[in-house]
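Q: Sequence:
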Amino acid sequence: TDCDLLISDDGLQHYPLGRDIEIVIFDGTRGSGNGLCLPAGPLREPLTRIELVDFVVSSGSSLREKELKEDIVMNYQPKKWVRLSDRKSFSVGAWPLGRVAHAFAGIGNPAKFFLSLKELGFTLIEHSFPDHYQFQLEDFLFSDKLPIIMSEKDAERCSNIDNKNIWYLKVEAVLPKDFVHKIVNKMKEKLDE
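Throughout, this note's numbering is defined as the position within the sequence shown, counted from one, plus 40.
Just so you know, these hints were derived from the structure itself, not from any lab.
A quick note: this is a predicted structure, and the numbers were derived from the prediction, not measured.
Certain hints may be false.
SDA-like mimics (lysine to any residue), calculated; alpha carbons at most 20 Å apart, straight line [to be verified]:
1) Lys210 x Glu110
2) Lys210 x Leu181
3) Lys120 x Arg84
4) Lys230 x Lys193
5) Lys158 x Ser101
6) Lys230 x Lys119
7) Lys226 x Ser101
8) Lys222 x Val113
9) Lys158 x Trp135
10) Lys158 x Asn200
11) Lys226 x Glu110
12) Lys210 x Asp171
13) Lys119 x His54
14) Lys185 x Ala213
15) Lys152 x Ala213
16) Lys210 x Phe162
17) Lys230 x Ile47
18) Lys109 x Asp218
19) Lys217 x Val64
20) Lys120 x Phe162
21) Lys119 x Lys158
22) Lys120 x Asn205
23) Lys152 x Asp171
24) Lys128 x Asn200
25) Lys226 x Asp49
26) Lys204 x Ser125
Based on the sequences and whatever the hints tell you, model everything.
A: Following this line, the structure appears as structure tokens:
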């Protein structure tokens, strides 16, 4: 099959992959952290790599570091609650259970996910796991019957777990419309080269 467009997540370090536009996304709260690369810090490449990319996006809030200046701030908008077992969904304002829950996060910044749930009025029992953690059924066994809420990214790795008490929060990235125009213009420039 022919492919005209490939969008890759975490593809910046895959140098054999051809690319026309590079976009780096920073967590607006953490920024570059201590300025070190993994595993000593949050960066996947030295900060000097920023000079070579087309756009810098910060998620959640504007970067507060002088050496980093984003082109755009991206926010996440909670859209709906989805039960993992049957994909039944409810709008964010129509959460069908109590406001005390287990919160699971096996993502890069669990605290950010937990904060988003607290901002929605939850009292949490927090469970942090390493990024890309492969959840097991045993991770979800509790004597209480409280709901278990996780990120959509984590839920994708749990489709084989049979537990009707697991939910995820579906969110949508919200970008200013002018950023879409900037990307389209950059693509046109690349086509004209």
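Q: State for each hint whether it applies.
A: Here is what the structure says about each hint:
no.	hint	verdict
1	Lys210 x Glu110	violated (25 Å)
2	Lys210 x Leu181	violated (23 Å)
3	Lys120 x Arg84	violated (31 Å)
4	Lys230 x Lys193	violated (32 Å)
5	Lys158 x Ser101	holds (17 Å)
6	Lys230 x Lys119	violated (34 Å)
7	Lys226 x Ser101	violated (24 Å)
8	Lys222 x Val113	holds (14 Å)
9	Lys158 x Trp135	holds (14 Å)
10	Lys158 x Asn200	violated (28 Å)
11	Lys226 x Glu110	holds (16 Å)
12	Lys210 x Asp171	holds (18 Å)
13	Lys119 x His54	violated (32 Å)
14	Lys185 x Ala213	violated (31 Å)
15	Lys152 x Ala213	holds (15 Å)
16	Lys210 x Phe162	holds (16 Å)
17	Lys230 x Ile47	holds (16 Å)
18	Lys109 x Asp218	holds (17 Å)
19	Lys217 x Val64	holds (18 Å)
20	Lys120 x Phe162	holds (15 Å)
21	Lys119 x Lys158	holds (16 Å)
22	Lys120 x Asn205	holds (16 Å)
23	Lys152 x Asp171	holds (13 Å)
24	Lys128 x Asn200	holds (16 Å)
25	Lys226 x Asp49	holds (19 Å)
26	Lys204 x Ser125	holds (5 Å)
Hint compliance for this structure: hints 1, 2, 3, 4, 6, 7, 10, 13, 14 are not met, and every other hint is.
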